[in-house]
Amino acid sequence: RKEVEQDPGPFNVPEGATVAFNCTYSNSASQSFFWYRQDCRKEPKLLMSVYSSGNEDGRFTAQLNRASQYISLLIRDSKLSDSATYLCVVSGRGGSARQLTFGSGTQLTVLP
Amino acid sequence: DVKVTQSSRYLVKRTGEKVFLECVQDMDHENMFWYRQDPGLGLRLIYFSYDVKMKEKGDIPEGYSVSREKKERFSLILESASTNQTSMYLCAGGGTYEQYFGPGTRLTVT
Chain A
1 RKEVEQDPGP
11 FNVPEGATVA
21 FNCTYSNSAS
31 QSFFWYRQDC
41 RKEPKLLMSV
51 YSSGNEDGRF
61 TAQLNRASQY
71 ISLLIRDSKL
81 SDSATYLCVV
91 SGRGGSARQL
101 TFGSGTQLTV
111 LP
Chain B
1 DVKVTQSSRY
11 LVKRTGEKVF
21 LECVQDMDHE
31 NMFWYRQDPG
41 LGLRLIYFSY
51 DVKMKEKGDI
61 PEGYSVSREK
71 KERFSLILES
81 ASTNQTSMYL
91 CAGGGTYEQY
101 FGPGTRLTVT
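Chains as they are written, first to last, in the working numbering: chain A, 1 to 112; chain B, 1 to 110.
Hint data in this document are derived by calculation from the structure and do not stem from the laboratory.
A hint or two may mislead.
Claimed, not checked - Heads up, simulated EDC-like pairs for lysine to aspartate or glutamate below, C-alpha to C-alpha not over 20 Å straight-line: (1) A:K42 - B:E22; (2) B:K70 - B:D51; (3) A:K45 - B:E62; (4) B:K55 - B:E72; (5) A:K45 - B:D28; (6) B:K55 - B:D38; (7) B:K53 - B:E69; (8) B:K3 - A:D39; (9) B:K70 - B:D26; (10) B:K13 - B:E30; (11) B:K53 - B:E17; (12) A:K42 - B:D38; (13) B:K57 - B:E79; (14) B:K71 - B:D26; (15) B:K57 - A:E3; (16) A:K2 - B:D51; (17) B:K3 - B:E22; (18) B:K18 - B:E79; (19) B:K3 - A:E5; (20) B:K3 - B:E30; (21) B:K71 - B:D38; (22) B:K13 - B:E62; (23) A:K45 - B:E98; (24) A:K2 - B:E72; (25) B:K13 - B:D26; (26) A:K45 - A:E5; (27) B:K53 - B:E72; (28) B:K53 - B:E30; (29) B:K3 - B:D26; (30) B:K3 - B:E62; (31) A:K45 - B:E79; (32) B:K53 - B:E22; (33) B:K70 - B:D38; (34) A:K42 - B:E17; (35) A:K79 - A:D57; (36) B:K57 - B:D26.
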């Protein structure tokens, strides 16, 4: 079983749609959780951290359910510029908070 | 602005060659990482370093070695390149949690 599992997609949605991505992780000792974004042929970049209480950054909302070991990302009012691959990331591999485990990513295409 | 640079964007090498991939960060971070990224497999950790002259194996260290002689520089070495090492190689530097990636080196071994 992969440590971090994501639906690879692709998700093809029209502009203005709301889309949700889910992710599960296997290491119950993981302490920190993130969503990274990777544009085509570019490096991954941090999109947002994920907190147990849930957090929002503009059109993006991230949620964490520790009991179910489940992370989600909701994007409202999708823009063409949101087209990218979204990587679910957890810390705590090898018992170290400094090491991150990356999911394989969910590909999103927002259509005009 | 945080910056991680990698020596080459594209590289083509022959089987059996020794290959050096260089990474430099300007963030003064202790931690540096080398990953490879392949379709369907995501990012896989090859090696990482928490300090100068320190190195730790990641998930897939076989066929690779690393060198960290200065804090800002972390090198990945393919001792004898093979075709299954054709991949995108990403270097990252980071603090406790967030990692900043370089633009990547797409290596093709023929």
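Here's how the hints hold up against the structure:
1. A:K42 - B:E22: Measuring from Cα to Cα gives roughly 18 Å; hence the hint holds.
2. B:K70 - B:D51: holds, 9 Å
3. A:K45 - B:E62: Cα-Cα ~27 Å, so violated.
4. B:K55 - B:E72: Holds. K55 (chain B) to E72 (chain B) sits at ~14 Å (cutoff 20 Å).
5. A:K45 - B:D28: Roughly 19 Å separates the two Cα atoms, so the pair holds.
6. B:K55 - B:D38: violated, 23 Å
7. B:K53 - B:E69: OK: K53 (chain B) and E69 (chain B) at ~6 Å, within 20 Å.
8. B:K3 - A:D39: Holds, because 17 Å separates the two Cα atoms, which is no more than 20 Å.
9. B:K70 - B:D26: holds, 12 Å
10. B:K13 - B:E30: violated, 31 Å
11. B:K53 - B:E17: violated, 25 Å
12. A:K42 - B:D38: Roughly 14 Å between the alpha carbons, so the hint for K42 (chain A) and D38 (chain B) holds.
13. B:K57 - B:E79: holds, 16 Å
14. B:K71 - B:D26: With a Cα-Cα distance of about 9 Å, the restraint between K71 (chain B) and D26 (chain B) holds, given a limit of 20 Å.
15. B:K57 - A:E3: holds, 18 Å
16. A:K2 - B:D51: violated, 29 Å
17. B:K3 - B:E22: holds, 14 Å
18. B:K18 - B:E79: Given that 20 Å is the threshold and the Cα spacing comes to 5 Å, the pair holds.
19. B:K3 - A:E5: Given pair K3 (chain B), E5 (chain A) is violated - Cα atoms ~29 Å apart, limit 20 Å.
20. B:K3 - B:E30: Distance of about 14 Å is within 20 Å: holds.
21. B:K71 - B:D38: Between K71 (chain B) and D38 (chain B) the Cα gap is close to 28 Å, so the pair fails against 20 Å, i.e. violated.
22. B:K13 - B:E62: holds, 18 Å
23. A:K45 - B:E98: Holds: K45 (chain A) and E98 (chain B) sit about 9 Å apart, inside 20 Å.
24. A:K2 - B:E72: Given pair K2 (chain A), E72 (chain B) is violated - Cα atoms ~32 Å apart, limit 20 Å.
25. B:K13 - B:D26: violated, 28 Å
26. A:K45 - A:E5: Answer holds: K45 (chain A) to E5 (chain A) is near 19 Å, not above 20 Å.
27. B:K53 - B:E72: Holds, at roughly 12 Å.
28. B:K53 - B:E30: holds, 11 Å
29. B:K3 - B:D26: Within the cut-off at roughly 6 Å; holds.
30. B:K3 - B:E62: violated, 28 Å
31. A:K45 - B:E79: With a Cα-Cα distance of about 30 Å, the restraint between K45 (chain A) and E79 (chain B) is violated, given a limit of 20 Å.
32. B:K53 - B:E22: holds, 15 Å
33. B:K70 - B:D38: violated, 29 Å
34. A:K42 - B:E17: Between K42 (chain A) and E17 (chain B) the Cα gap is close to 27 Å, so the pair fails against 20 Å, i.e. violated.
35. A:K79 - A:D57: It holds: about 15 Å lies between the C-alpha atoms, which stays within 20 Å.
36. B:K57 - B:D26: violated, 23 Å
Checked against the numbered hints given earlier, the structure breaks hints 3, 6, 10, 11, 16, 19, 21, 24, 25, 30, 31, 33, 34 and 36 and satisfies all the rest.
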